[in-house]
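Undergrad: Okay, here's what each chain looks like letter by letter:
There are 2 protein chains.
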Amino acid sequence: MQGEDLKSFRQWGSKTPGHPENFVTPGIELTTGPLGQGIANAVGLALAEKHLASRYNKPSHEIVDHYTYVILGDGCQMEGVSNEACSLAGHWGLGKLIAFYDDNHISIDGDKYIAFTENVDRRFEGLGWHVIWVKNGNSGYDEIREAIEEAKSVTDRPTLIRVTTTIGFGSPNKANSYSAHGSALGAKEVDATRKNLKWSHEPFHVPEDVKTHWSRHIYEGSALETKWNKMFTAYEKKYKDDAAELKGLIRGELPAGWEKALPTYTPEMPGDATRNISQQCLNNLANILPGLLGGSADIASSNMTLLKMFGDFQKHTPTERNVRFGVREHGMGAICNGIAHHTKGLIPYCATFLVFTDYMRASMRLAALSESRVIYVMTHDSIGVGENGPTHQPVEHIASFRAMPNILMLRPADGNETAGAYRIAVLNTKRPSVLALSSQKLPNLNGTSVEKVEKGGYILSDNSSNNKPDVILIGTGSELELAVKAGDQLRKEGKAVRVVSFVSWELFDEQSDEYKESVLPSSVTARVSIEAGSTLGWEKIVGAKGKAIGIDKFGASAPAGKLYKEYGITVEAVIDAAMTVC
Amino acid sequence: MQGEDLKSFRQWGSKTPGHPENFVTPGIELTTGPLGQGIANAVGLALAEKHLASRYNKPSHEIVDHYTYVILGDGCQMEGVSNEACSLAGHWGLGKLIAFYDDNHISIDGDKYIAFTENVDRRFEGLGWHVIWVKNGNSGYDEIREAIEEAKSVTDRPTLIRVTTTIGFGSPNKANSYSAHGSALGAKEVDATRKNLKWSHEPFHVPEDVKTHWSRHIYEGSALETKWNKMFTAYEKKYKDDAAELKGLIRGELPAGWEKALPTYTPEMPGDATRNISQQCLNNLANILPGLLGGSADIASSNMTLLKMFGDFQKHTPTERNVRFGVREHGMGAICNGIAHHTKGLIPYCATFLVFTDYMRASMRLAALSESRVIYVMTHDSIGVGENGPTHQPVEHIASFRAMPNILMLRPADGNETAGAYRIAVLNTKRPSVLALSSQKLPNLNGTSVEKVEKGGYILSDNSSNNKPDVILIGTGSELELAVKAGDQLRKEGKAVRVVSFVSWELFDEQSDEYKESVLPSSVTARVSIEAGSTLGWEKIVGAKGKAIGIDKFGASAPAGKLYKEYGITVEAVIDAAMTVC
Chain Z
1 MQGEDLKSFR QWGSKTPGHP ENFVTPGIEL TTGPLGQGIA NAVGLALAEK
51 HLASRYNKPS HEIVDHYTYV ILGDGCQMEG VSNEACSLAG HWGLGKLIAF
101 YDDNHISIDG DKYIAFTENV DRRFEGLGWH VIWVKNGNSG YDEIREAIEE
151 AKSVTDRPTL IRVTTTIGFG SPNKANSYSA HGSALGAKEV DATRKNLKWS
201 HEPFHVPEDV KTHWSRHIYE GSALETKWNK MFTAYEKKYK DDAAELKGLI
251 RGELPAGWEK ALPTYTPEMP GDATRNISQQ CLNNLANILP GLLGGSADIA
301 SSNMTLLKMF GDFQKHTPTE RNVRFGVREH GMGAICNGIA HHTKGLIPYC
351 ATFLVFTDYM RASMRLAALS ESRVIYVMTH DSIGVGENGP THQPVEHIAS
401 FRAMPNILML RPADGNETAG AYRIAVLNTK RPSVLALSSQ KLPNLNGTSV
451 EKVEKGGYIL SDNSSNNKPD VILIGTGSEL ELAVKAGDQL RKEGKAVRVV
501 SFVSWELFDE QSDEYKESVL PSSVTARVSI EAGSTLGWEK IVGAKGKAIG
551 IDKFGASAPA GKLYKEYGIT VEAVIDAAMT VC
Chain U
1 MQGEDLKSFR QWGSKTPGHP ENFVTPGIEL TTGPLGQGIA NAVGLALAEK
51 HLASRYNKPS HEIVDHYTYV ILGDGCQMEG VSNEACSLAG HWGLGKLIAF
101 YDDNHISIDG DKYIAFTENV DRRFEGLGWH VIWVKNGNSG YDEIREAIEE
151 AKSVTDRPTL IRVTTTIGFG SPNKANSYSA HGSALGAKEV DATRKNLKWS
201 HEPFHVPEDV KTHWSRHIYE GSALETKWNK MFTAYEKKYK DDAAELKGLI
251 RGELPAGWEK ALPTYTPEMP GDATRNISQQ CLNNLANILP GLLGGSADIA
301 SSNMTLLKMF GDFQKHTPTE RNVRFGVREH GMGAICNGIA HHTKGLIPYC
351 ATFLVFTDYM RASMRLAALS ESRVIYVMTH DSIGVGENGP THQPVEHIAS
401 FRAMPNILML RPADGNETAG AYRIAVLNTK RPSVLALSSQ KLPNLNGTSV
451 EKVEKGGYIL SDNSSNNKPD VILIGTGSEL ELAVKAGDQL RKEGKAVRVV
501 SFVSWELFDE QSDEYKESVL PSSVTARVSI EAGSTLGWEK IVGAKGKAIG
551 IDKFGASAPA GKLYKEYGIT VEAVIDAAMT VC
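Protein sequences, first through last, are from chains Z and U.
Each residue of the first sequence is one higher than the one before, starting from 1 at the first, in full-length UniProt numbering.
Each residue of the second sequence is one higher than the one before, starting from 1 at the first, in full-length UniProt numbering.
Here chain Z stands alone, though its shape is the one from the complex (with noise of 0.2 angstroms):
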């Protein structure tokens, strides 16, 4: 970071943004801003050091070994997400987790007292973290650096350390007060804040003894670093499997062979609920990706997402690769950016009902914003949730997803395109994605692959003749069945139907025009697609000829084969619509 970098500060292309962005400058972990985040990334950081500490220090070679340190403020305090990651903290007992608490009592609408008058010690005693309180953090250093050290020696609970500080130190007028939260404070009150501070230089001129103060640090970092290389090589002379994976997993390397752990399918092969291939999926891929690990948030048994071969990650069995969330979808969701921030290698993943995104819809945002691989396992995925009625069936989230920027929404249909699905969620290390899963049987297809999945959407059947069918029937996930069926019946009648599985949009995007002619020719106007969600979107795909088939209202409460029915999301209506368009 340059004077110049400083003087572009939110400025279009510079370094210095209105809030850190880790995609935009060297140094920042962590894309956070929205309130609440950080905690819970720096929740995920230390569980990542935790866990690869455990697997891979061995006696006298410490080298996974660092504490985590964050600062939040009232603001963060307030926000629900940090409560649920900071009680997984003490449930895990992170004690190398340090956060300081900034407690100046100001918010944006001025006082914290008008909001906030929660006694956060005790709260967060009841959490079970240790709490340090610092009287002076303006000005004494002192007691910050012992409570640091006290911080250190507690070793089995996380520590947060309040520290009273008044906002905007130094500015005469505006100290204490919101006006120095996020406006600047103008050329006068600079101006009187330098002569309360006697700071007598010149704007962005670093005087000497300053700049020499800090670049010790330049030394003693890389000090440190070189220590560190020469320990990880003792260990590797004496580790070499443990510091072979290790190394690829600092590299984000994946291991060669691994696509071929993932399951294939057949159509002979008997129909499953492609949540329960998605856990085949993980159980096998776990197996050979030192770095995947995740949970639900408390519905592991119906997410399907148990590693088999692992125990849970808990206080005192950290090497563990199950990690047990509980009903907190938004701290699950941060505390995955901080695992996939810490370590290239690690992936990890997490669990839901696809309608409870909606809980942790902010740090999937933050996921897909900062670029970070994470594999969201989201089951019952539409309307099929049946008997728990429209509060736990999603209609608008797919819709919802594929407006989000830089995430994959997956909807995979069988066994194939699930594994698939998985081979695109590790091989995109700059992006999430989002696994729409069904709780219901799905039976195996003819034309699945896995490895069609990166096209987005193929063809899975075509009984026309010069890419000029009568019509094109397109499905995604458990629809795509009925397109299937459909297109038989349709064949049977003499039309020329061409199926087609569109398990993600954003991938067929990002193919050619050609290949996206091929599949779509824009000569057939005939076009019906069939998915049990809003039909927000479809008309780009089905233009306005077509017609898509979805629901835009709330579900309810009923077996999922009524709701199909009473919704009309069925093999005739798709018959009907054909006839209609073609």
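No wet-lab data here; the hints were simulated from the structure.
Please note: incorrect hints may appear among the correct ones.
Think about it this way: if two alpha-carbon atoms lie no more than 30 angstroms apart in a straight line, the pair counts; the simulated BS3-like pairs of lysine-lysine are [as the list claims (entries may be wrong)]: (1) 441(Z) - 188(U); (2) 211(U) - 237(U); (3) 553(U) - 455(Z).
Simulated restraints on C-beta separations [what the hints assert, rightly or not]: (4) 105(U) - 224(Z): 57 to 65 angstroms; (5) 451(U) - 252(Z): 52 to 60 angstroms; (6) 559(U) - 133(Z): 36 to 44 angstroms; (7) 451(U) - 512(Z): 46 to 54 angstroms; (8) 62(U) - 133(Z): 25 to 33 angstroms; (9) 301(Z) - 169(U): 18 to 26 angstroms; (10) 559(Z) - 559(U): 50 to 58 angstroms; (11) 441(Z) - 6(U): 51 to 59 angstroms.
Keep in mind it's a predicted model, so treat the numbers as computed, not measured.
Don't be surprised by glycine CBs; every beta carbon is placed ideally from N, CA and C.
Once you've looked at the hints, dock chain U against the given chain Z.
TA: Structure of chain U alone, referenced to chain Z:
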């Protein structure tokens, strides 16, 4: 509820869906099910009671006077939304809120101790609650009764009664395990349970003595209603105006002529940010609508939501109508659902930046599903946010609400349209409204009006004849101005141009085919839309031959003007697109 209703548990059309739905079953106050929402709704109910009691009660006339009881489980305790809402309940001193925490230590994944070992009592003490523990919740009826009495005696704080219970109490083999959570016990275990509990009656049979015992509530309730009616008659005699106002609130009547309170604007009037217009609307409406109350999640001064004639609703000033939610978007949303369903005429509004609807989306979905009239005042609705950068710039949010059923997404372009959006939001008693408002100044446009907003889309200007323009330019919100300017330019170049405001897709969708054809004639395929957000779904409006100008990636930190240029959201882009399509 009859035996037949119980027998059709979770069946299509029954009164007994899988989770309670307020719009399905009489007596259900709120739709809950998603965890943590119920306790947060209860905070809203208790707030409403405290507020109305303080406004309408008079000495010896306690006409608003009830407790709010709520049950929450371990899962609810883990969710951040419950901590947010309970922190506020403690802050507001909601002494008549009594929460039973069903401490059965079982959640879906098994024993809660795998993910939840915090000291809940201590956390709630930190949140400012009175906490009572009932050790034997299975059969300690007297202890429960005593706890309720104690809770009632503590009037300055809400009370959490932690009731330790056994899940599936009475079942010999499934009690105290997760298998008694969401699945039926099964015929064999039901038999065993009956034997264990010495229950010899037929299934669904209610013995006469039980019926008699419970039926007394019918008479008690009826007597209480009579007593209240009598009390209200006395109150009405003495406090005519207050009684009339409260009656109107209870019935959900809007005062005659209330719409006249909405401000109107002419193109000659200076432009303003729609968030400022919004404040004008809120303040004008608060004068005439006795049920309007609300606030922001700590950015009232940015959202412009303060009602100037009122103070803050606080512990000791509950008569006031500015609610300070702190940085707790999710809790805010769920609390507003509670307020909306407490009394028909209460109209809660709540505010944050549009991008942070991600934090509260689960509560907004429940508002939509449960037909709650909540007004979401969502400002800073595009990259127009500027310097705060991509974490604060919504891109996909407008599309994501268009995909959500039963919620109105409104993006007004100027003064009149903002007032019109409020008119719609107040009139739509069975669905919530999201108002997307600009942070930046916008001109008052020629051709807008308060009333036209109800059509969703309408012709702003047109120089064509016979419903046959050369091109239709469609804009929303801050980009309607760009469409207008492009139209002016194109007309100078001899084109017949129609400019259409598309303030709400949902409202336009509900118009007659005839009306829709009059605005967007199917014969005119040359259409250009402009909106600084995701283009997802716009294809439906502009058609395959049209062009949708928008942003399908994340924004950046820079001045707003720079961003609009860099992302191609400009008058020139509209003109270029128009020349291409027509």
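Undergrad: Could you check the structure against the hints above and give me the numbers of any it violates, in ascending order?
TA: 2, 4, 8, 11
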